[in-house]
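Protein chains in written order, with our numbering: chain H, 1 to 276; chain Z, 1001 to 1280.
Calculated from the structure, these hints are not laboratory results.
Note that the Cβ used here is the ideal one computed from N, Cα and C, for glycine as well.
Treat the hints with care, as some may be off.
[What the hints assert, rightly or not] Chain Z side only, calculated, beta carbon under 10 Å to chain H, not exhaustive:
1) P1037
2) D1051
3) L1052
4) F1053
5) T1055
6) T1087
7) T1129
8) F1145
9) L1152
10) I1224
11) V1244
12) L1264
13) I1273
[Unchecked claim] A short list of chain H residues far from chain Z (calculated; beta carbon distances all over 12 Å):
14) A16
15) E39
16) G41
17) E47
18) F63
19) T67
20) V140
21) L171
22) I191
23) S230
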Amino acid sequence: MREKPVRTFWPWLLIAVVVVYAGLLLLAPLVAVISGAFEDGIQPVLEAITAAEALLSLRLTFFLAITASVINAILGLIVAWVLVRHRFPGKWFFNALVDLPFVVSPVIVGYVMIVLFGRTGWLQNFPIQLAFSLPGMLVVTVFVSLPFVIREVMPVLASLTREQEEAAFTLGASSWMTFYRIVFPAIRHGIIYGIVLTLARALGEFGAVAVIGGGVQGVTETATIYIYRSLHDRNDIGAYSMAITLGVISVGILVVMNWLRRDPSEKGSQHVDPTE
Amino acid sequence: MQLAFPAKAAARPHLPFGEWGLRAAAITYLIVLIAIPVIVINIEGLRGGLDLFWTDITRPAALSALWLSIWTAGVMAVVNTIMGTLTAYVLVFYKFPGKRLLDSVIDLPFAIPTLVTGVMLVLLYGPQTLIGGFLDQQLGIRVLFAPPGIILALLFLGYPFVIRAVQPVLAGLDANQQEAAFTLGASSWVTFRRVVLPAIFPAMITGGLLGFARALGEFGSIVIVSGNIPMRSQTAAVYIFGQVEGGNMAAASSVSVILLLVSLVVTLGVDFIYRRKSYA
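With the hints as constraints, model all of the structure from the sequences given.
So this is what it looks like as structure tokens:
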């Protein structure tokens, strides 16, 4: 193994510096929010989180995140496929475009939607109302979480050798059958990991949905917008409770992420499904 | 290389109908969802002419917001490039109790909503809290509603970028080279500087720049910790948000154009450094 057993002083110092930095940076805030929310016991937290508007906002957040994940799983897979397997002029450009949602400020994303579909927008006569409505919020959620499936699937797809596919094809399998039986099992792990990341990103989106949704209570108010409004209204316990709820969901997602990252049995395409 | 050639030659002349459909779908998706919005914001920002754009961008509040975003993101990128490289090094080369836990929690910032990060920092460093109160009263350091709070929020969300970029490169390094250097009498520091560092440098810069670009546009956590005080703790993203809320579209557009431009340059720069192993 590469890992060296640590015997001397300097490595321990390095380890200590890293552990203290990570602990202060990542864990201390976590402890703070938990102790802050449960200051007066568990009862107020439960009450706050089961309030009608809190539940409504959570439901909206889940609806947006799950729908966006489904859309990005399907279209992301297609984009990854085309970017890896096809050759066409300008491919590098489309490849570069994929990374933009990582770095474009969510506020700008929401704002572009207002510019296009707002009351005095360029496309104000667009048949579907996108500004201050659910469809618009879905579009921005899809945007901010777009790269994950693509970036997880592309390297795996690129590393596949074509022999198996060509063999299947030669033996008379249709291209769909070839994909389903040969390619899909190999990239399944990447797809799932990408979806988990998509879900996490979509659940926590705030800036973009706040701008385009307008944060109308009970209609376009997501869980993150609920937190923002609660802080504004001095409903601290409501804000902290929802923050904890989202935090717990995120940590759950993190656990799934780690479990996926460490599962080596899924890597190859030799995985045989006995039911087939 | 050899393997790819016949497949490519066979696939190119007659692409099946279904594949054309996939290509069209992929390109349309990327253009509609990503390219068009970027073009729209640029047109909107420059619609009133360059003079107006210049007036909007040189307003003191706009300038100070842009500058605050850039310098806080820059500080974060420098600190996290150093700490992230150190973390990756420790994770790859040393064995210690709690290592697996550390490796797991590093992804926390990718999972936790940034707004929740903001709330957590308020609870940790707010004026009524133990730490916040101590820093404020004893040392006179204001964390919340001031640049230190912004930097802390950015440090949190930017931590994994360099680590996750450097870790695989470190793990893939040829151990023989290091051992050879070591055997030839180089100290571990010299070994690191001459053998390890050159190998991981591109990954460090890539991770650092991506973190920087990501931090430039950060909104959720900053809007909570910064208190949104113009000229003092208002970053560019928060400024844009305020202008949109206030219906001042021209001001929002011009700052958006600049912010977007910087992110674009940085992202393309990363693409260039990295020369993304062309997935062909």
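Earlier hints that do not hold, by number: Hints 2, 3, 4, 5, 8, 13, 14, 15, 20, 23 are the ones this structure does not satisfy, whereas the remaining hints hold.
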